[in-house]
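J.: Using the sequences and the hints given, assemble the complete structure.
Order-wise, the sequence lines are chains R and F. All residue numbers for the first sequence refer to this note's numbering, where the first residue is -1 and numbers rise by one. All residue numbers for the second sequence refer to this note's numbering, where the first residue is -1 and numbers rise by one.
Hints are computed from structural coordinates only; laboratory data are not their basis. Every residue, glycine too, gets a C-beta built ideally from N, C-alpha and C. Each hint should be verified, as a subset may be incorrect.
[Stated by the list, open to error] Per label pair, the in silico range of CB-to-CB distance:
1. R:V7 / F:E3: 56 to 64 Å
2. R:E100 / F:A156: 23 to 31 Å
3. F:V12 / R:T160: 54 to 62 Å
4. R:G132 / F:R0: 18 to 26 Å
5. R:L94 / F:Q43: 32 to 40 Å
6. R:Q43 / F:P138: 35 to 43 Å
[Unchecked claim] Cut-off 20 Å, straight-line C-alpha distance, at most; resulting in silico cross-link-like pairs (EDC-like, lysine to aspartate or glutamate):
7. F:K16 / F:D53
8. F:K129 / F:E178
9. R:K129 / F:D92
10. F:K129 / R:E178
11. R:K129 / F:E178
Number of protein chains: 2
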Amino acid sequence: MRISELSAVTGVTVPTIKYYLREGLLPEGERSAPTQAAYGDVHMQRLRVIRALLDSGVTIAETRRVLEALDTPPEKAHDLLGTAHAAITPPVDDALDLTEAEQLATQLGWEPGMCSQAVLHAVARALQGLKRAGFTVPDPVMPVYLENIRRIADAEIAGVPTESAEAAVRYVVLGSVLVEPLLLALRRVAQQVASAERFGGAGN
Amino acid sequence: MRISELSAVTGVTVPTIKYYLREGLLPEGERSAPTQAAYGDVHMQRLRVIRALLDSGVTIAETRRVLEALDTPPEKAHDLLGTAHAAITPPVDDALDLTEAEQLATQLGWEPGMCSQAVLHAVARALQGLKRAGFTVPDPVMPVYLENIRRIADAEIAGVPTESAEAAVRYVVLGSVLVEPLLLALRRVAQQVASAERFGGAGN
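T.: As structure tokens, then:
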């Protein structure tokens, strides 16, 4: 199909599609004439993934890395996660103190070498952000975070599809990125429900 | 203290402080001379909160609304959460279908009126993002999300400090925003740990 048709079926405007092509997020169509290219299912599917990533707050640069991870899966299933997380996690920052992050990770079952430095640094960076704001997670709350997040991760990893490498890549890469807004939104609903039950107020 | 001293103690550059002043994020200092203003603890504390919010990906406009929520707490404790969430949740979108979001909310204990439309819309938007990308949360995983997120929210709401309204506001507003990067980072660690245990790979 032509770019105008690709635009019509996906609801993404032609200038936006051209922008994704220039940025290398979307592969070029097959040249059907000097000024015309043909697009197919691959482009439709890829456009949906791009929109979903950008809509959930992933940057253009991170989206490019996530798409690269989708296109060039590593050999070992476990490395997929590292690749997916690396695509959306800021680079490591050697000035960060990892002590507390490693303590929390240990309570999640972590042993040295089990996960990428990037995600440990992300934990350390989040802890630093809380500290800078003068905010402390109450003592009884942190173990609840760790216990329930570990249960969530167990269910997610148990759900990795095994029928094909492609399905596994898709699940791991998109699942770890795209599910984040859902989990955060559900947490807000649950907080308001728990708050209404405790304080008896109504939402607005 | 002078603006240069405020910069020195907080590590935030003078141009950045001036930018926050212009944007109305930071209250003006007390005029001590026509071209000089004096800053105090309030400004130091506020700067820390601003940095923490911006560092965790909250926009300037959202930060302004969070700070307004901190400054003008609502009368009822429960409304705090609505105010905090409204500050960081995009406006409602009437084109969204809320059916599935309400089903999930119901499983979290939600009844109509218990939480703000904004957070239900955030759930619906996240579900739409997943659908657009052609990603489905596996059937056995969704109940695990709901159950464990509800446990997390219960612990968080049980931890709301009761010694003062100010402490409660601070906990609720900052806790719901600033803890998000920590939870997401811990999930990534837990996923890599669970993956290493299941697939036997090592991190990188």
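J.: Take the hints in turn and mark each one as holding or not.
T.: Structure-based check of each hint:
Under the hint 56 to 64 Å, the C-beta atoms of R:V7 and F:E3, about 60 Å apart, fit the expected range. A C-beta distance of roughly 28 Å is found between R:E100 and F:A156, which places it inside the suggested range of 23 to 31 Å. Distance hint for F:V12 and R:T160: a CB-CB separation of about 57 Å, consistent with the stated range 54 to 62 Å. For R:G132 and F:R0, the Cβ-Cβ distance of about 23 Å falls inside the hinted range of 18 to 26 Å, so the restraint holds.
The beta-carbon spacing between R:L94 and F:Q43, approximately 23 Å, falls outside the hinted interval of 32 to 40 Å. Checking the proposed 35 to 43 Å range against R:Q43 and F:P138 shows it is violated: the Cβ atoms sit about 25 Å from each other. This hinted pair checks out: F:K16 and F:D53 have alpha carbons roughly 18 Å apart, not beyond 20 Å. Straight-line distance between C-alpha atoms of F:K129 and F:E178 comes to about 23 Å, which puts the hinted pair past the 20 Å bound.
For the given pair, R:K129 sits about 38 Å from F:D92 by alpha-carbon distance, which is inconsistent with the 20 Å threshold. Taking the CA atoms of F:K129 and R:E178, the gap is about 14 Å. The hint holds against a cut of 20 Å. Taken as a hint, the R:K129 and F:E178 pair is honoured in the structure, with Cα atoms around 14 Å apart against an allowance of 20 Å.
Checked against the numbered hints given earlier, the structure breaks hints 5, 6, 8, 9 and satisfies all the rest.
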